[in-house]
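Here the structure of chain A is known, so what remains is to put chain B in place on it, guided by the hints.
Now for the letters of each chain:
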Amino acid sequence: MAKYVPITAYLFDRFMKFNAILSIIGIMKNPFLYYEVHPHTIKIFSSGAWTLAHLRKLEQALCNIPSRKKVIWDLSAVEEFDSAGVLLFSKYLEQFKVDSLVEVIGYTSDQQNMYRLLKKNEKRVLLPKKRGFLEKIGRSTIDVWVDIKAFTTFIGHLFSAIFNLLLHPRNIRFKEITYHAYESGFTALIIVGLTAFLVGMVVAYQGAVQLAKFGADIFIVDTVAISMVRELGPMITAIVIAGRSGSAYTAEIGAMKITEEIAAMRTMGFDPYYFLVIPRVFALMISLPLLIFFADMIGIAGGMFAAKMQLGLSITQFTDRLYEVLDVKHYLLGMLKAPVFAFVIAAIGCYRGFKVSDNTESIGLQTTASVVNSIFMVIAFDALFSIIYTEFGI
Amino acid sequence: MSVIQMKEIVTRFGERVVHDGVSLHIESNEIYGILGGSGSGKSVLMKEMIMLMEPDAGEITVLGHTLKKIRYSQAQALRQEWGVLFQFGALFSSMTIAENIEVQLKEYTDISKEMRARLVQSKIALVGLEPYVGSLYPSELSGGMIKRAALARALAMEPKLLFLDEPTSGLDPVGARNFDKLIVELRDLLGITVVMITHDLDSIFSIVDRMAILADKRVVAEGTLKNVLQSQHPFVEEFFKNEYTKQKYLGQLDLKEAADV
Chain A
1 MAKYVPITAY LFDRFMKFNA ILSIIGIMKN PFLYYEVHPH TIKIFSSGAW TLAHLRKLEQ
61 ALCNIPSRKK VIWDLSAVEE FDSAGVLLFS KYLEQFKVDS LVEVIGYTSD QQNMYRLLKK
121 NEKRVLLPKK RGFLEKIGRS TIDVWVDIKA FTTFIGHLFS AIFNLLLHPR NIRFKEITYH
181 AYESGFTALI IVGLTAFLVG MVVAYQGAVQ LAKFGADIFI VDTVAISMVR ELGPMITAIV
241 IAGRSGSAYT AEIGAMKITE EIAAMRTMGF DPYYFLVIPR VFALMISLPL LIFFADMIGI
301 AGGMFAAKMQ LGLSITQFTD RLYEVLDVKH YLLGMLKAPV FAFVIAAIGC YRGFKVSDNT
361 ESIGLQTTAS VVNSIFMVIA FDALFSIIYT EFGI
Chain B
1 MSVIQMKEIV TRFGERVVHD GVSLHIESNE IYGILGGSGS GKSVLMKEMI MLMEPDAGEI
61 TVLGHTLKKI RYSQAQALRQ EWGVLFQFGA LFSSMTIAEN IEVQLKEYTD ISKEMRARLV
121 QSKIALVGLE PYVGSLYPSE LSGGMIKRAA LARALAMEPK LLFLDEPTSG LDPVGARNFD
181 KLIVELRDLL GITVVMITHD LDSIFSIVDR MAILADKRVV AEGTLKNVLQ SQHPFVEEFF
241 KNEYTKQKYL GQLDLKEAAD V
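Just so you know, the sequences run in chain order A and B.
Take the first sequence: its letter number 325 is residue 325 in my numbering, and every next letter is one higher.
Take the second sequence: its letter number 143 is residue 143 in my numbering, and every next letter is one higher.
Derived by calculation from the structure, the hints in this document are not laboratory data.
Small disclaimer: the values here were computed from a predicted structure and weren't measured.
Each residue gets a CB set at the ideal place from its N, CA and C atoms; glycine is no exception.
Please note that a few of the clues may not be correct.
Stated by the list, open to error - Here are the simulated BS3-like pairs of lysine-lysine, each with C-alpha atoms no more than 30 Å apart in a straight line:
{"id": "1", "chain 1": "A", "residue 1": "119", "chain 2": "B", "residue 2": "241"}
{"id": "2", "chain 1": "B", "residue 1": "68", "chain 2": "A", "residue 2": "355"}
{"id": "3", "chain 1": "B", "residue 1": "246", "chain 2": "A", "residue 2": "119"}
{"id": "4", "chain 1": "B", "residue 1": "217", "chain 2": "A", "residue 2": "129"}
{"id": "5", "chain 1": "A", "residue 1": "97", "chain 2": "A", "residue 2": "70"}
{"id": "6", "chain 1": "A", "residue 1": "149", "chain 2": "B", "residue 2": "68"}
{"id": "7", "chain 1": "B", "residue 1": "160", "chain 2": "B", "residue 2": "181"}
{"id": "8", "chain 1": "A", "residue 1": "136", "chain 2": "A", "residue 2": "355"}
{"id": "9", "chain 1": "A", "residue 1": "175", "chain 2": "B", "residue 2": "113"}
{"id": "10", "chain 1": "B", "residue 1": "217", "chain 2": "A", "residue 2": "119"}
{"id": "11", "chain 1": "B", "residue 1": "69", "chain 2": "A", "residue 2": "149"}
{"id": "12", "chain 1": "B", "residue 1": "69", "chain 2": "A", "residue 2": "355"}
{"id": "13", "chain 1": "B", "residue 1": "106", "chain 2": "A", "residue 2": "175"}
{"id": "14", "chain 1": "A", "residue 1": "355", "chain 2": "B", "residue 2": "217"}
What the hints assert, rightly or not - Incomplete in silico selection of chain B near chain A, CB under 7 Å:
{"id": "15", "residue": "50"}
{"id": "16", "residue": "52"}
{"id": "17", "residue": "76"}
{"id": "18", "residue": "79"}
{"id": "19", "residue": "80"}
{"id": "20", "residue": "84"}
{"id": "21", "residue": "86"}
{"id": "22", "residue": "90"}
{"id": "23", "residue": "92"}
{"id": "24", "residue": "104"}
One chain only, chain A, in its complex shape:
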């Protein structure tokens, strides 16, 4: 009866023999490592330079070694080694120890000392778990929620500080307020004016084409004036200021946070709400309405200019019609939004500044967030105002 040998065992045996032959050939190719496979033991011979430069080749050679009951690892031919080499050695030593008996021979005392040093300082590293899709969504939802809560707290603090300040008006910091009103107001005149002029022109050009079809040229005045004063003036100005002053507030306060200036202020009893936030909020609530008034005028002038170019409407005709159609109501309804926009922009700018953590990168992130948030909030509040005005039929 023929002896029965399981096919897998047979193949495994052949494979091992083949591998052993390969590894002997490997001596030629790999100057660092070769091994001999015996029935129950495996002998590993290390040689050459076990250094960082050769780590990859070493690792490739090591991971091919099959496991056996006993491993004899001969280090006597290692000429040079560094901590990376010893680390690699210790990694595979641990791995072999899991299911074999290991004997290390031919090592020098230097190698042993290095091994001990590395072992001593070894700490188990827990690799961060990879996050799944749902977990990511969950985490960012929580982040948003935490952010909203923090902002609500900030607004609460701000209102209580403002209330306190109104009770003790002596503490209002007029010098800071005028400084910030100048910085965010007067110095923004040119860019706000230019933007408003262009927007007025664009509205007039667009309207002119449509109105000319009906021969209703004169209505261009209604279109430009009312839309400018009620909607576009306040909104365009607020968006420009959100990009200009909102970002500046975030960056200023953020930089102070990083250099611990805010912590220093707190320890001196200078409440940042009174010294940093409220002056900026009040300053913007003063300067934004003024800027909006300026933008209204320049925007209408832009429309007037375009109407003359496109429709040949004279300035006298334009102003006459302007007196007829532009109720003061429209101006006031537009102006009513100004303090709200100013508050939103300044509060978000300051809040984002305080959110800056201890690294410079977060200044960039928070400044971006500040501008994006405040522009969005300006538009959202504008929509809210439109709904309210429509509901009241004004």
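Showing chain B alone in chain A's frame:
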């Protein structure tokens, strides 16, 4: 009388526990060191003393006020009774050194302008800076000068209590020793209590009166250098009883002990 007393302080950052029952007390007119490895929560502990952070549990009493129950107006008053030197100075970058020192005087007192200027100049001289430094901005100063200027600012309101966060870090050895001398002088001269976070062995062996060692989330040793050296805790062993320290300082310490006897 204890100037500062901390009882069973617990601080957590999310799941990470930084302090788990830290207790210590700081006496009047002493130089008190807070020592510990990196990440042992020294700075956090100091931030809790100066009301920049609140612990999750435990009680802190500073100059007779229990911080947890303190009212806003009391807190504001307390803040005028101490000075804080931040590790990197934290001078207000938009103001000159003189303005930095002056700002609290201007805000909290009604001293005449001329007198304020004199006070500022005296503080500048006290910390060993040249008079012209007053008109410079923080960005124009060297690291050592910033430390000195920040100390001058911390002293502006004539505090009873001075907090120093690594006062000698980033200074050259000579500058660091001079700074140490300055702190001792100020303590003797003005009768203030000094709380300092430090790693500087020279400071610890020469000027610190009592200290607390933070390790394993609690105070593992508190007291004078001699008391602390009795501790068998691994951090104390490693920090004080390594070859370098033994050679450089412990010989000197034995002599001191002999002199004490």
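Here is what the structure says about each hint:
1. For the suggested pair residue 119 of chain A and residue 241 of chain B, the alpha carbons sit about 22 Å apart, so the restraint of at most 30 Å is met.
2. Proximity of residue 68 of chain B to residue 355 of chain A is assessed by CA-CA distance (about 24 Å); at most 30 Å being required, the pair is judged to hold.
3. Of the pairs offered as hints, the one joining residue 246 of chain B and residue 119 of chain A holds, with about 26 Å between alpha carbons and a cut-off of 30 Å not exceeded.
4. Restraint check for residue 217 of chain B and residue 129 of chain A: satisfied, since their Cα atoms lie roughly 26 Å apart, inside the 30 Å limit.
5. Between the alpha carbons of residue 97 of chain A and residue 70 of chain A the distance comes to roughly 9 Å, so the proposed pair stays at or under 30 Å and holds.
6. As the CA atoms of residue 149 of chain A and residue 68 of chain B are separated by approximately 23 Å, the hinted pair is consistent with the 30 Å bound.
7. About 18 Å separates the Cα atoms of residue 160 of chain B and residue 181 of chain B, which keeps this hinted pair within 30 Å; it holds.
8. About 22 Å separates the Cα atoms of residue 136 of chain A and residue 355 of chain A, which keeps this hinted pair within 30 Å; it holds.
9. Taken as a hint, the residue 175 of chain A and residue 113 of chain B pair is honoured in the structure, with Cα atoms around 17 Å apart against an allowance of 30 Å.
10. As the CA atoms of residue 217 of chain B and residue 119 of chain A are separated by approximately 25 Å, the hinted pair is consistent with the 30 Å bound.
11. Among the hinted pairs, residue 69 of chain B with residue 149 of chain A is consistent with the structure: their alpha-carbon atoms are about 24 Å apart, no more than 30 Å.
12. Among the hinted pairs, residue 69 of chain B with residue 355 of chain A is consistent with the structure: their alpha-carbon atoms are about 27 Å apart, no more than 30 Å.
13. Taking the CA atoms of residue 106 of chain B and residue 175 of chain A, the gap is about 14 Å. The hint holds against a cut of 30 Å.
14. For the hint pairing residue 355 of chain A with residue 217 of chain B, the CA-to-CA distance comes to about 28 Å; that is within 30 Å, so the pair holds.
15. Annotation: interface hint on residue 50 of chain B holds; nearest CB of chain A at approximately 5 Å, less than 7 Å.
16. The beta carbon of residue 52 of chain B is positioned within 7 Å of a beta carbon in chain A (closest approach about 5 Å), and the interface hint is therefore held.
17. The beta carbon of residue 76 of chain B is positioned within 7 Å of a beta carbon in chain A (closest approach about 5 Å), and the interface hint is therefore held.
18. The criterion of a C-beta within 7 Å of any C-beta in chain A is met by residue 79 of chain B, whose closest approach is roughly 3 Å, and the hint holds.
19. Given the 7 Å rule on beta carbons, the hint for residue 80 of chain B holds: about 6 Å separates it from the nearest Cβ of chain A.
20. A hinted interface residue such as residue 84 of chain B counts as satisfied when its beta carbon comes closer than 7 Å to some beta carbon of chain A; here the least separation is about 4 Å, so the hint holds.
21. Look at residue 86 of chain B: its Cβ gets to within about 5 Å of chain A, closer than 7 Å, so that hint holds up.
22. The interface hint given for residue 90 of chain B is met, as the beta carbon of that residue sits about 4 Å from the closest beta carbon of chain A, less than 7 Å.
23. The interface hint given for residue 92 of chain B holds, since its Cβ lies 5 Å from the closest Cβ of chain A, which is under the 7 Å cut-off.
24. A distance limit of 7 Å between C-beta atoms decides the matter here; for residue 104 of chain B the minimum to chain A is near 5 Å, and the interface restraint holds.
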